[in-house]
Amino acid sequence: MPEENGALCFENVVITRGGKPLIALDARIEPGDVLTVMGPSGSGKSTLLNFAAGFLPPAFSAKGRVTIGGEEITRLPAHERHLGLLFQDPLLFPHISVEGNLLFAVPQHVRGRKARRERVAAALAEVELDGFGPRDPATLSGGQKARVALMRVLLAEPRALLLDEPFSRLDPDLRAQVRRLVFGKARERGLPTLLVTHDAADAESAGGVLVKIGDPA
Amino acid sequence: MLRFAPALTIAILIGPVAAGIIGTLLPAFGYLPALGGDDFGLEPFHALFSTPGIATSIRLSIVNGLGAAAGAFLIVIAFTAAFEGTRTFTQIHRLLSPLLSVPHAAAAFGLAFLIAPSGFVLRLLSPWATGLDRPPDVLILNDPGGIAMTAGLIAKEAPFLFLMMLAALPQSQSRESRQLATTLGYRRATGWLLTVLPRVYPQIRLPVFAVIAYSISVVDVAMILGPTTPAPLAVRLTQWMSDPDLTLRFQASAGALLQLGLAVAAIALWIAGERFAALLGRRWIEAGTRSIGDGLIATIGASAMALIVTGMILGGVAIGLWSFAGFWPFPDALPQTLSAANWTANLPRAADTIAITAGLGLAAAFVAVALALACLENETRRNLAIEHRRLALLYLPLLVPQIAFLFGLQILFLLVGLDASVYGVAGAHLVFVLPYVFLALSDPWRALDPRYGRIATAIGARPARVFWRVRFPLALRAVATAGALGFAVSVAQYLPTVLIGAGRVETVTTEAVALASGGDRRLIAIYACLQMLLPFAGFLLAGAITGFAFRNRHALRTAS
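Protein chains in written order, with numbering that gives the first Met the number 0: chain Y, 0 to 216; chain V, 0 to 559.
These are computed hints drawn from the structure, not numbers from a lab. In this text the structure is predicted, and so the values were computed from the model without any measurement. Note that CB positions come from ideal geometry on N, CA and C, so glycine has one too. You may find that some hints are simply not true.
[Stated by the list, open to error] If you only want the chain V side, here are some residues facing chain Y, beta carbon under 7 Å, derived:
no.	residue
1	Ile114
2	Pro116
3	Ser173
4	Glu175
5	Gln178
6	Gly184
7	Arg282
8	Gly287
9	Asp293
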């Protein structure tokens with residue numbers, strides 16, 4: 000067993016629905032690495048993410064454990080798991096500004112209005128969105144929204160990234176760009192990343208281990 | 000024809016309110032020639048403000064009314080924040096939906112039967128826990144502080160707001176927002192309050208305003224549970240309005256205008272509260288506060304909801320028991336004998352009242368459904384977009400306190416000879432039935448897949464045929480349910496029936512409220528039962544109609 004270094008591990012995870020096994024995964028994702036789970040819709044790949052993040056619907060049951068850096072997270076309540084989750088849609092909160100969206104994510108240990116705002120400004124600068132803070136999220140382009148959504152996740156200081164087809168709603172020319180950005184940031188910060196997708200190009204771009212799963216039920 | 004439906008609907012919604020307010024305004028300033036008021040002046044207001052106890056009446060109206068609305072709102076918010084998406088949430092939904100059709104007065108009687116000194120709760124606890132063998136001599140019902148009344152209003156308004164919330168949630172991406180907030184480390188209820196509430200609230204704002212306007216001017220619940228010396232403003236106004244001394248109508252009209260002012264003030268106060276809450280929420284968002292008393296929110300939400308549901312159900316049981324009760328001395332938990340004697344003795348006498356109640360309800364529901372369908376079909380044929388301003392119009396009769404325009408309407412009906420007639424009362428019911436029917440029908444109608452109609456049209460069907468053969472059958476379930484809801488709303492109407500009917504059109508609701516002061520629990524129980532049974536029968540009938548029409552149509556029989 001290698002020494003614990005913040006890797007994301009799925010240990011004998013099996014998810015069943017009504018007694019029938021749906022998906023199984025036993026894998027270790029090193030910091031900065033990406034594991035891609037590829038399968039058609041209905042194959043239960045999103046359920047796997049929901050299980051790791053703590054949102055498994057009651058109709059499913061799961062065995063096995065998920066750990067980060069040796070700590071079992073499947074015992075923790077969802078809000079204490081510190082996972083960064085990116086969905087198909089950027090899901091920026093429409094009722095607050097771009098800056099408000101990002102401030103929402105900055106951890107509480109960053110105290111003081113000034114310090115919090117500085118973090119947000121730095122995050123915006125990091126994705127070339129300087130000065131976008133006061134903007135209404137609805138006025139942003141698709142690529143800008145995706146970048147804000149990514150920074151919102153990263154500002155919360157996650158220990159791992161879970162990506163649920165985050166590129167599938169983007170225009171093809173944007174897709175490659177956002178992909179590079181997301182995987183680059185994950186590597187930069189040494190985050191183990193789990194990507195579920197049905198798009199072979201996503202898997203290829205991720206460059207890590209690829210797990211293909213079954214036929215749709 | 001269809002083109003005029005929206006105008007007619009708007010006329011029905013606005014006309015009576017506008018005419019009624021004018022009819023209230025004139026006598027409030029002393030002008031009503033029929034009663035000898037020829038000069039404008041402030042005399043009615045002097046008379047109003049010099050009435051003994053008027054300050055207390057005003058305080059009861061605004062403090063308890065606003066308190067009830069805020070209580071119901073906060074309970075719904077706390078419960079939804081802490082439990083949305085859980086099994087508890089679904090279960091409470093199932094339990095609350097049928098309770099919504101229980102008329103206010105029946106719910107108030109249920110609560111009265113529970114918490115009275117000789118009520119169900121103390122009977123269950125006595126003598127083993129309380130040591131009481133006779134009812135304690137305390138004023139629990141009609142308490143001078145109006146606590147019982149406020150509780151009764153909360154118990155009835157919380158289910159309403161909850162169902163409004165349920166209708167709004169699917170349009171708010173609530174699940175995704177909640178999960179996202181959770182992955183960022185936010186506790187469940189806190190995440191909901193900071194990310195979902197700001198998006199849901201605009202959609203339930205008008206219903207909240209309607210609850211405020213209703214609660215501060217409520218009459219029937221206040222007569223059953225509220226203080227009597229003095230009573231809340233609206234109750235006293237109603238008494239003056241029904242007084243044989245016609246000169247009291249001037250000060251009653253002035254009071255009705257004051258009631259309107261109170262509603263405006265209460266809603267303004269609420270809006271100030273909204274601003275403050277938004278400011279607070281923004282602070283929390285910017286500070287990244289991960290939990291703002293999550294455990295407390297969940298505890299309050301769950302216990303208050305549980306209390307409301309069990310209270311309403313136990314209240315219904317108590318009403319049912321009393322209607323069949325023989326000898327039932329305190330502190331026995333159950334009657335010593337049960338018999339149908341109360342029913343057999345009183346039902347024949349109630350037959351006319353039941354028939355009038357059902358007739359009024361059917362007429363109002365039928366006209367409301369027809370108008371709503373005509374408006375919606377017009378919208379569909381012309382491909383009109385839905386305007387939000389129109390929606391506010393729909394709420395108008397619910398946002399203006401009933402009492403503020405029913406007085407004037409009564410006087411107008413008096414002038415045209417429609418007072419004390421069932422037609423006048425049915426017309427007044429329609430004003431309040433129409434908004435609910437429209438709201439219940441419009442969402443399912445607009446959710447119909449427009450491609451069905453397009454296919455039929457492409458085949459060559461005329462618009463009328465597309466409506467009757469395609470859209471109407473597809474919407475039949477919603478139409479029947481909206482009709483049943485309209486019927487239930489009509490059955491529950493107290494003030495319009497009493498005022499426009501001049502006390503001569505009797506429904507099960509006016510009878511039940513009239514019996515409140517008498518204290519014959521068995522008779523009250525029978526009328527309260529009828530109040531609950533009639534709406535129930537309406538929904539049963541609606542279900543039967545759809546079930547029969549779609550007996551061989553699996554897809555529609557099980558449709559949502």
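**OP:** Double-check Glu175(V) for me: the hint is only fine if its C-beta lies closer than 7 Å to a C-beta in chain Y.
**Re:** holds (5 Å)
Original post:
Taking the least C-beta to C-beta distance, is Gln178(V) closer than 7 Å to chain Y?
Top reply: Since chain Y brings a Cβ to about 5 Å from Gln178(V), closer than 7 Å, the hint holds.
Original post:
Does Asp293(V) pass the interface check with chain Y, least Cβ-Cβ distance below 7 Å?
Top reply: Since chain Y brings no Cβ nearer than about 9 Å to Asp293(V), farther than 7 Å, the hint is violated.
**OP:** Return the status of the interface hint for Ser173(V): holds when the least beta-carbon distance to chain Y is below 7 Å, violated otherwise.
**Re:** violated (11 Å)
Original post:
Are Arg282(V) and chain Y close enough, Cβ to Cβ, to be under 7 Å, as the hint says?
Top reply: This interface hint is violated because 10 Å lies over the 7 Å limit.
Subject >> Hinted contact Ile114(V) with chain Y - closest CB pair below 7 Å >> reply: violated (37 Å)
Subject >> Interface hint for Gly184(V), Cβ within 7 Å of any Cβ on chain Y >> reply: holds (5 Å)
Original post:
Can Gly287(V) be said to touch chain Y, with a Cβ gap under 7 Å?
Top reply: holds (5 Å)
Subject >> Restraint check, 7 Å cut-off on beta carbons, for Pro116(V) near chain Y >> reply: Status violated, d = 45 Å.
Hint compliance for this structure: hints 1, 2, 3, 7 and 9 are broken, all remaining hints hold.
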